[in-house]
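Produce the entire structure from the sequences given, and follow the hints as far as they go.
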Amino acid sequence: MTSILNMTVLFNVSLAVYFCAMVASVIGLMSRRRFFDVAANGLIVVGVSIQTIYLGMRWVEAGRAPFSNMFESLVLFGWTVSVVYLLLRIRAKLPWLAAASAALSALALAHASTFESEIRPLMPALQSNWLSFHVMTCFLGYGAFAISSLAAVGFLIASRERSTAQGETRQTLETIVAQTISFGFLFLTLGILTGAVWANSAWGTYWSWDPKETWSLITWFIYAGFLHFNFVRGWRGRRAAWISIIGFVSVLFTYYGVNFLLAGLHSYAKS
Amino acid sequence: MGLLLFAMSDPIEKSNQPAAHALGNPVTKVLGSLKFALTVILLLALACIAGTLIPQGAQVEPYLARPGGHPVLGMLSALGLTRVFYSWWFVGLLFALASSLMVCTGRRYHAIKRAKGAARIRVIGSFITHVSLLLVLAGGVVRVIWGQKGMIQFREGEIVESAESPDGPMALPFSLRLSKFELEFHKNPEESKDATGDRLQVQWAEKNWVTHFSTELNVEHPVTPPDAAAGSRPSFVVKVLRHVSDFAIDGTTGEVMSRSDEPNNPAVQISVVAGGVTNRQWVFARFPDFGSHDVLDAAAMPLKFRFQAAESAGRGRQGSIKAFKSTIEVVENGAVVSTRVIAVNSPFSWKGFSFYQTSYNPDDLAWSALQVVRDPGVPIVYAGFILMMAGLTLVFCVGPWLGEQRRTTGGIP
Ligand code: HEM
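Chains as they are written, first to last, in my numbering: chain A, 60 to 330; chain B, 6 to 418.
Keep in mind the hints are simulated off the structure, nothing from the lab. Note that beta-carbon positions come from the ideal geometry of N, C-alpha and C, so glycine has one too.
Part of the chain A face toward chain B, derived, beta carbon under 10 Å:
| no. | residue |
| --- | --- |
| 1 | P180 |
| 2 | L185 |
| 3 | A283 |
| 4 | L286 |
| 5 | G316 |
What follows is a list of derived Cβ distance ranges for each label pair:
| no. | chain 1 | residue 1 | chain 2 | residue 2 | range |
| --- | --- | --- | --- | --- | --- |
| 6 | B | S180 | A | T173 | 50 to 58 Å |
| 7 | A | S108 | B | S167 | 52 to 60 Å |
| 8 | A | A121 | B | A388 | 31 to 39 Å |
| 9 | B | R119 | A | N65 | 55 to 63 Å |
| 10 | A | F319 | B | A210 | 40 to 48 Å |
| 11 | B | I54 | A | W118 | 31 to 39 Å |
| 12 | B | L58 | A | A169 | 25 to 33 Å |
| 13 | A | W118 | B | E337 | 40 to 48 Å |
| 14 | B | T332 | A | M116 | 33 to 41 Å |
| 15 | B | L47 | A | G122 | 39 to 47 Å |
| 16 | B | K34 | A | G101 | 55 to 63 Å |
| 17 | B | E163 | A | S108 | 54 to 62 Å |
Here it is in structure tokens:
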């Protein structure tokens, strides 16, 4: 009981920390004071650490990987977005990307809190390590695609203004859009494949064209298209940014649209 | 550190582009063009969108079967849009993708020799990725041509030699016997402490009357026939005397006991008082038709009892079931050659046939359903999966990482 209470506290604290990180980086953007930028990044590190502890506790409490329903997957999404941001931060400094990703993590957690957070036992088909691995890898991909689309939006905004400083930012953003998609594509592919292996061990079919599977394939096609356009054809700039945004819309549809609008094999994961 | 490896990527250099002489044949020229490939991928994506937004297959049939059919769905069905993933044109698109991939990979093979250094790793990775896609598609074709799928339904002790499939019986080169079926429930401490989940259903068939009582011990529940005048004396008084979660009879004493706290065989002992005669009996949640009476015989008792234990009432809810498993024996030439337990997510394969636990029957706990699949394409598909991950890792991790190393150490790029 106490650990469940502690967990709720941790959940709320991580949400608050992400929110503060967002506020700090927005102030940093406006005041151009280095302090706020450093504080925002520090807070994101704290947020990710708290969430990591939270996920670990929930894993122990449930006796299984905590990635099985809407609540748990939204928490995971909040975590992966900030993790991908921090990985990128090692290379490039982008204060407003800190604001955007902290906001997205906070939003994911706030949305998670509208769902049932109780730990429930799993039905037999969901008791699989392949499934945990599948969800984890898909969400790392989704986190990367989220950051990519945020950078793409940033690029589109930055490319409206014309100054040399903006030009530099644009180039960094272009690179981030492509890098995060490479990273995301690797993990989405791994996610789809582990999902197929799971389906094969649960039902004897690795692919059955159910809406969730099909939408993950659509998403995968979109990003495969991006890779060919970007790396082979050298598409950059606005067109690449738009593909990244369309790709993330497809991710969102795979995640929400299919759960709420379309029925299918995966629909039991709804509650 | 992961993202660090996703170094800046430049467009593939000119030297990696196919040499002009390789483009001689106009057919391969079209098939091998990126434009063609991307068009096919776009069409596939659009077809997939249609296939999820338009109701498919079995979902549509009831509407079409209605007198007069369904105008919109009828039209979509005529256009082949209600069976997108099995339509000739969708399969055609997959073939177009495969042909494009074949021409591309054939050509990329030559590019490997030309590329140097870190770029070469990337080209090799991309080659492996495209080959892996061909393997996955090939595995799918093998499944469609040589795959078989069927269903086995049997009860404990039964033996089967074939599975049922839509195209008639599917012969197996061995027999299977279901020696045991088990259904396990999640321990739910809250529910078992709180007896309110348990109910005793009382049915008076003659009078067409049903009611439910709580199973709280030693509480008297009067039963008055529905047609009796108000204030008349109850015909029966029902009382729950005992509750055990895992009913068993002690072999030496002949006493009823509970083997464990697990709700494996929940039962209640009740007493029914009618006209001064007390009748005691056990009612079993899992075996509703089984009851033992010690005074009246069953026929003389107009009331029928059913014990609806919280656990078994929850049987229909998916979350409360922890596992269901079948112990099966493989029988060849009359001899048992193997005994295995099959559970969800834990299939069993024998001589190319795989068996998957798919279903159980809450009203017949000796019954089990297995899906049988023979899919010689699976090893090919899985090989494709492994190669795909290897190829993508080369393209996105190893290649950029090597490139980085050479850049920073000042070596030849
Ligand atoms: C959905 C299926 C496909 C996937 C997932 C896929 C994936 C990839 C990947 C990951 C790369 C490496 C990109 C890079 O170097 O950064 C690539 C490159 C490439 N792909 Fe595809 N591809 C697909 C279909 C095709 C098809 C059908 C063609 C045929 C025209 C094709 C032609 C190429 C070419 C020419 C390159 C670049 C050259 C090279 O590095 O070898 N791809 N593809």
